[in-house]
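Sequential numbering of the sequence shown, starting at 42, is according to my numbering.
Worth flagging that the hints you see were computed from the coordinates, not collected in a lab.
Remember, it's a predicted structure, so these values are computed and weren't measured experimentally.
Treat the hints with care, since some could be wrong.
Distance condition first, Cα-Cα at most 25 Å in a straight line; then the derived DMTMM-like pairs of lysine to aspartate or glutamate [unchecked claim]:
#1 Lys60 to Glu82
#2 Lys92 to Glu71
#3 Lys60 to Glu101
#4 Lys66 to Glu101
#5 Lys65 to Glu101
#6 Lys83 to Glu98
#7 Lys60 to Glu71
#8 Lys65 to Glu82
#9 Lys66 to Glu98
#10 Lys54 to Glu82
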Amino acid sequence: MKAVFNVLEMIMKVTHNGKQYTAKKLNDNEWQLTSVSNPREKLTLNRWHMKLAGLLEHVEVKV
């Protein structure tokens, strides 16, 4: 699992289970993952789901 952070757009690119997704923060608790290969395929995950999937530490930036 890897993540690339785009500072200007505040959008992350993450790889999970061999698929690439663009992760966009919707609010303090929710993220929307959009498939790079199929933009109609979208998932909305809350912080707990992101933590279970191992993605939370990739998308949250510690300041």
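Hints breached by this structure
none
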